[in-house]
Amino acid sequence: QKEVEQDPGPLSVPEGAIVSLNCTYSNSAFQYFMWYRQYSRKGPELLMYTYSSGNKEDGRFTAQVDKSSKYISLFIRDSQPSDSATYLCAMSEGTGRRALTFGSGTRLQVQP
Amino acid sequence: EAGVAQSPRYKIIEKRQSVAFWCNPISGHATLYWYQQILGQGPKLLIQFQNNGVVDDSQLPKDRFSAERLKGVDSTLKIQPAKLEDSAVYLCASRLGPMGNYGYTFGSGTRLTVV
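Protein chains in written order, with this note's numbering: chain A, 1 to 112; chain B, 1001 to 1115.
FYI, nobody ran anything at the bench for these hints, they're computed from the structure. Every residue, glycine too, gets a C-beta built ideally from N, C-alpha and C.
With the C-beta cut set under 8 Å, the calculated list includes, among others, these residues of chain B facing chain A: (1) Tyr1033; (2) Gly1040; (3) Gln1041; (4) Gly1042; (5) Leu1045; (6) Gln1048; (7) Leu1091; (8) Tyr1104; (9) Phe1106; (10) Gly1107; (11) Ser1108.
Given these sequences and hints, build the entire structure.
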């Protein structure tokens, strides 16, 4: 079993839709949770960062962490064609010394 | 602030040949990572440096991969000899310090094709 599981998609939605992206994990030591966006032929870029459980909102993006269920989510409201990319969840243990462990990524396509 | 620079952007080699990748992190970033990203998968850590010392190389195939970070700045990753399964994007990332979770900054990667 992988430490971090993520549905690879692809996920295709119409412009303006609400998108829900999810990851599950098995390592209870994970405390820091991040979402990265990766455009084709580019490196990942940090989108959202959350510590422990709870919600965090930034513009059209909301990240949720449920540590009791070992489940994290990213919601995108009013999705735009420019949101078309691969979304990677990533997480690390509490000390922050260990490198991030990534999910396999979900490919999102927003149709105009 | 300049980003993480990587070169070359693309490389095609035959199996059993050797190849080297170069990374220049953001100025002042003490922690540097090399990740391997196979098509359709998430990045997998190969090696983590703190300044010029190795913190974690547990997933580096040491029989063929090597990496160094001289003077705690630039880093090179080498593969010798390459195998077909090494075809991937090699991503370099850096961050300010070892503790906490400042986000990583990634370079655009080097896309390696082994034929």
